[in-house]
Amino acid sequence: MATSDAAARDASSPSAASDIPAETLATLYRCMLLARRLDLDCVAMQRQGILPGYAPMQGQEAAQVGSGLALDAGRDFAFPTYRELGVAVAMGVDLVGYTASHQGSWHGGLYDPAASHFAPINAVVGGPVPHAVGWAMGAQLNRTDACAIAYFGDGASSQGDVHEAMNFAGIYRLPVIFFCQNNGWAISLPSERQVAGGSVAARAAGYGMPGVRIDGNDVLAVYRATRDAVETARSGGGPTVIEAMTYRVGPHSTSDDPGRYRSLAEEQSWLERDPLTRFAARLRTEFGFAEVFFDEAGAAADVVVQATRTAVTTLVVPPGGEMFDFVFSAPPAALLEQREAWQRETQTSQREG
Amino acid sequence: MATSDAAARDASSPSAASDIPAETLATLYRCMLLARRLDLDCVAMQRQGILPGYAPMQGQEAAQVGSGLALDAGRDFAFPTYRELGVAVAMGVDLVGYTASHQGSWHGGLYDPAASHFAPINAVVGGPVPHAVGWAMGAQLNRTDACAIAYFGDGASSQGDVHEAMNFAGIYRLPVIFFCQNNGWAISLPSERQVAGGSVAARAAGYGMPGVRIDGNDVLAVYRATRDAVETARSGGGPTVIEAMTYRVGPHSTSDDPGRYRSLAEEQSWLERDPLTRFAARLRTEFGFAEVFFDEAGAAADVVVQATRTAVTTLVVPPGGEMFDFVFSAPPAALLEQREAWQRETQTSQREG
Amino acid sequence: MTNPTQTQPQPQTQPDETQQTLTQPSRRLLSMQGALNLALDHALAADERTLIFGEDVGTLGGVFRVTDGLQQKYGPQRVFDTPLAEAAIMGMAVGLAMQGWKPIPELQFDGFSYPAVDQIVNQVARMRNRSRGAFSMPITLRLPSFGGIRAPEHHGESLEALFAHVPGLKVVSPSTPAEGYRLLRQAVADPDPVIFMEPKSRYWYKGAVDSADAEPALPVGTSRIVRRGSHVTLIAWGAMVARCLKAAQLGAEDGVEIEVIDLRWLKPIDAEGIAESVSRTKRAVVVHEAPLTAGLGAEVSALVSERCFGDLRAPVGRVTGYDIPYPSQAFEDAYLPSVDRILNAVQRVLEYRRG
Amino acid sequence: MTNPTQTQPQPQTQPDETQQTLTQPSRRLLSMQGALNLALDHALAADERTLIFGEDVGTLGGVFRVTDGLQQKYGPQRVFDTPLAEAAIMGMAVGLAMQGWKPIPELQFDGFSYPAVDQIVNQVARMRNRSRGAFSMPITLRLPSFGGIRAPEHHGESLEALFAHVPGLKVVSPSTPAEGYRLLRQAVADPDPVIFMEPKSRYWYKGAVDSADAEPALPVGTSRIVRRGSHVTLIAWGAMVARCLKAAQLGAEDGVEIEVIDLRWLKPIDAEGIAESVSRTKRAVVVHEAPLTAGLGAEVSALVSERCFGDLRAPVGRVTGYDIPYPSQAFEDAYLPSVDRILNAVQRVLEYRRG
Ligand SMILES: Cc1ncc(C[n+]2csc(CCOP(=O)(O)OP(=O)(O)O)c2C)c(N)n1
Ligand SMILES: Cc1ncc(C[n+]2csc(CCOP(=O)(O)OP(=O)(O)O)c2C)c(N)n1
Ligand SMILES: [Mg+2]
Ligand SMILES: [Mg+2]
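Each protein sequence line maps, in turn, to chains Y, X, W and C.
At position 272 of the first sequence the residue is numbered 272 (the working numbering), and the sequence of numbers has no breaks.
At position 215 of the second sequence the residue is numbered 215 (the working numbering), and the sequence of numbers has no breaks.
At position 175 of the third sequence the residue is numbered 175 (the working numbering), and the sequence of numbers has no breaks.
At position 309 of the fourth sequence the residue is numbered 309 (the working numbering), and the sequence of numbers has no breaks.
Watch out, some of these pointers could steer you wrong.
Stated by the list, open to error - Under 7 Å between C-beta atoms, here's a sample of chain C residues computed to sit facing chain X:
hint, residue
1, Pro83
2, Ala87
3, Pro219
4, Val256
5, Pro327
6, Ser328
7, Ala330
8, Phe331
9, Asp333
10, Ala334
11, Gln347
12, Arg348
13, Leu350
14, Tyr352
Note that these hints are calculated values from the structure, not bench results.
Predicted model only: the values in this text are computed from it and were never measured.
Positions of the beta carbon are idealized from the N, C-alpha and C atoms, including for glycine.
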């Protein structure tokens, strides 16, 4: 999705932003739209029994796509949580493989995280943040100018791991971006009862690193802030904290009921700040994008959504024996024995049942 | 030690500071002197084989005594690490019981931590800091105006637990003081390679609480800062971070060799800023304390040091069976069985050996 | 020399209460989730020093609704949400206990208790010992546990072996709503820290609960025979108890009389109770969801061997999860001990001939 | 149905190298600390992707001097100090491994690895599985372990049962300097995460080390018979091996021929090797410092019972620490398995009569 295609060339007639080419504007929009539609379809697939559960990201498309597209997916490396569909879209991750995690095929997903430069989906809140720090140190030791980005939420900011990671990054001046999506809620806890002091970005100063708080629903603001942080990282300037203020419009997950902890009015007020609608409006009025662009983007997104749904619906779950195969590089004898016993007992019960 | 005695009355002829009575000045000095002498004697006792190991606090007397005496030992509660002899002295903790921890008689010491309002010695760096937060919440729920104080080092500031504790305290606005003794070193790591950004006090802003950095070798500065933080806590103003800049003059512990990681010149430069010498000089010049006060303070300290040494040397280690007795309120049958088996086997081996 | 583990509390058994009728007014049909909620409600009412806190336990009532309605009823001071930090939750519990409060923290899922392991092992479990009894730690950690609910990674873990190995902790897991009510009241009343492992996959199963049963009858560390049998003893806890009962039913159809023990307390373990059963049946199989190696089944196997050596006709069987990370949803059924695997193991111990 | 744990690597034994002479030039007399230092030195020289980091491992060379001189020799990029945060140390190791580095982190003491348990269990042990093999985790965690050195609280813990239960981890502990050298090289070379538990109380004991022995001869998961005997098998690891050898010597004076197995690998366990020995001696006692309940001795006991049921003349004995927090210095000798307690247990299994 990050590369240009026919539609992007069509869109090149519109004007660019002072610092962002029109083609990038087009790609940002297309990724956001695809993320939105795929996200909605994942919710639908959960309702239809195709996915056992899903964590919707509606409302966070600007934060995710804007930051993901500011990276060089061939050089940098992203460490997602469980809600980073938009980043996956922006970085060109195989979306069927991505969705396979929610479909229950494999923890972490079935895409190739090494090739995608997008770590396996990680469900431990705060847990992957120190990994980004280690990856950044490895990049520094390799004398590359690659950088790592850790995605985490307002809830995750409370975790000890995040503090330790920021401190390490500050001490070693590592090329890493701490990208916090402050989406207002950690399940039922509002961020004002989560983040003492009120701002994750403000914590950066305590580690001697820059921290910026941005409108996370303004994709260009997100893109610029991330691009600047990447630049800082590449040029040896060390880590940055970005706090993108946004909102989780949907439930925490498909088994959550936000009606128990927040008002419809609040949700409504954020729907009015919808990042996709806002960006579309700017593309039309400020940058002169034509209707045909939006039509084509919608059609292209629908093709991907439909293809993803078809593939996910018919996804061949890896054979059961694979649950034994990736635990070690070379499984110890005792584990091979367990695999064989499992195989035998499976056959037995097939015979019996 | 915190109460006045005959010598304090003698000392009442000298002048007071604007906000600190002369009697308090005298007590501060006496506690610092006792802490110094007892600390040195603990090192000596370790060399003489009386203590298996010890973590000296020389150089940190002002930070410890100044903060400890600003508390109300009958109301507030202190959570020490393994290096808080000066606080123990200031709070009137039974010093033989305190030293028993280093003597190997009992983890946490043989003093009564509930009566002393001084938690058992805690060797997990950062570990007790959330306890202070919980205690403070309990005090708040009890509607008392008591406050808790957590002692921790520059090294501990890197721990996730400390971050989590500060965030909780900020969210609930708890009556707790985070008292960091930044003594320059965490074993061999200097604090500038420990604390990204350079200041633990500066982190407070990120939690929406006041943070002050003070000269930790100026006992009056420490006393005042702590007293103010206590006042804030009592009046519902919430938590405070105090970073007392000081120096560990001795080794990390009696098995450490600082020559491997720092220079004699550095140690020397801090010896010149010795908190005890500085305070004595001020008491003489600024507050008009007479020689007899210092002589009496020295003599009194020596009495306590000698008595402590005698008691520690002849300390009757609790009987071996006690290792089973405090694990549970009522030991389960299996544990009682283990105790009995231990008893039998001990007798057997005494018979055999 | 007597083996140090040879004397333990006497086993006490009682009929499976799900088979009793709902005659008394205090008896009602509740799900496990409802029974635990009722137990917490009664615990909060019975002792005003009890406090409930954790992630999403207040306004939301917990992701499994076990604390549903309690904040409304007892106020936001006694039932409150915390920021998202498991170590601080348990560390705060320690400080509260030192102030005389009785904390009932929740950690949202088994797999997210790992960040709190340091506070649990180094602090919660030891503060009483370290302070020579000056500070008791009457903390009940509620931990939604085990697998079987088609959840993502880290939501299907079995930590009983880890916690049972830690001196100073007690560990318990209920298998039915009645047990849930009774054991949770007992855990909260206990003066020492208890890890209360709630079998997530049983939250919505219903059974009769007698809320007048506030004073727990069975002491800490006693197991329960939930089905009598003479050929082999199955030992299980949590959700595996129901599965063993299913296996026993099927076994009976083939003429195999399987005794089923609900171990309940995973520390201290009712070694005497197990031994009493195995000395009658001569054969035992232990069943758990956790991986095989160094699982609690090893301890049960060792205890049975130590106490029933002369009686045993076959080595104690172990039917467990495999030595792999708890797998994703698609593999869950393949991973968890199935009725088939349990019956295969029963068959193996019945057919065992000394080699 | 075959029991899933019944096939394991074949045991290979070799004479106790401390009894060999120092003839080859590559052989020298070293303490365990020296041998481990040499192994790290050679590992750093052999593979420039290896990195050493942790608290005080750089300038100071570690509180036990195991990394002494390595920062000077290999530079502060490959051997470096970290801030004081165990979770971040292990989390950083994960990220470094994802970049193709081979981290050899140190956590300063056993009892301070608890704050890193989440990263170790949920991340280090699972990243390979979660990524379907895309990311190997060739991480060797060096963990000064076990008791016996008159240290304060938290400095005498035995975490092998915790780590052995975690799928995805390998766990090993050396008993002699030669073993230390060989096993540490092997752990570093291994493509998977290895918890390397260094017995602190053996750091200063000397033995012959052959540094030419760079290619480890025994595969991962093989034990070592360190003394032959025919009456009973003692199974131990770390510092308890020397204690068992002492017991065997004393036993021999009384005519009891005790075989001693150094288990070495605590995951995977050499079940086949143990079974081979016990099938000859018919009796076994396992010895460890960790508390009894749910300790690794239970797993060893269960494995022996499963494999040697027909041969066993007595239940497998367990001589272990008690179910109490590792006590303070004054109680250390009372707590740790003593030669007397080991011999008592030997006597019990020898005198055992089926009840
Ligand atoms: C360590 C840990 N604790 C608890 C959970 C359960 N949990 C999953 S998501 C979540 C809230 C996370 O909030 P936030 O970090 O703001 O991210 P968001 O869900 O809003 O994207 C919680 C408590 C978890 N996954 N990991
Ligand atoms: C969690 C934990 N990790 C490691 C250690 C080992 N250790 C003991 S003291 C210490 C340094 C502590 O430094 P600091 O917090 O500055 O306190 P100081 O010793 O200077 O008083 C270390 C690493 C420990 N006790 N606890
Ligand atoms: Mg959030
Ligand atoms: Mg320090």
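Hint check results:
{"no.": "1", "hint": "Pro83", "result": "4 Å, holds"}
{"no.": "2", "hint": "Ala87", "result": "6 Å, holds"}
{"no.": "3", "hint": "Pro219", "result": "37 Å, violated"}
{"no.": "4", "hint": "Val256", "result": "15 Å, violated"}
{"no.": "5", "hint": "Pro327", "result": "4 Å, holds"}
{"no.": "6", "hint": "Ser328", "result": "5 Å, holds"}
{"no.": "7", "hint": "Ala330", "result": "4 Å, holds"}
{"no.": "8", "hint": "Phe331", "result": "5 Å, holds"}
{"no.": "9", "hint": "Asp333", "result": "9 Å, violated"}
{"no.": "10", "hint": "Ala334", "result": "4 Å, holds"}
{"no.": "11", "hint": "Gln347", "result": "10 Å, violated"}
{"no.": "12", "hint": "Arg348", "result": "11 Å, violated"}
{"no.": "13", "hint": "Leu350", "result": "16 Å, violated"}
{"no.": "14", "hint": "Tyr352", "result": "16 Å, violated"}
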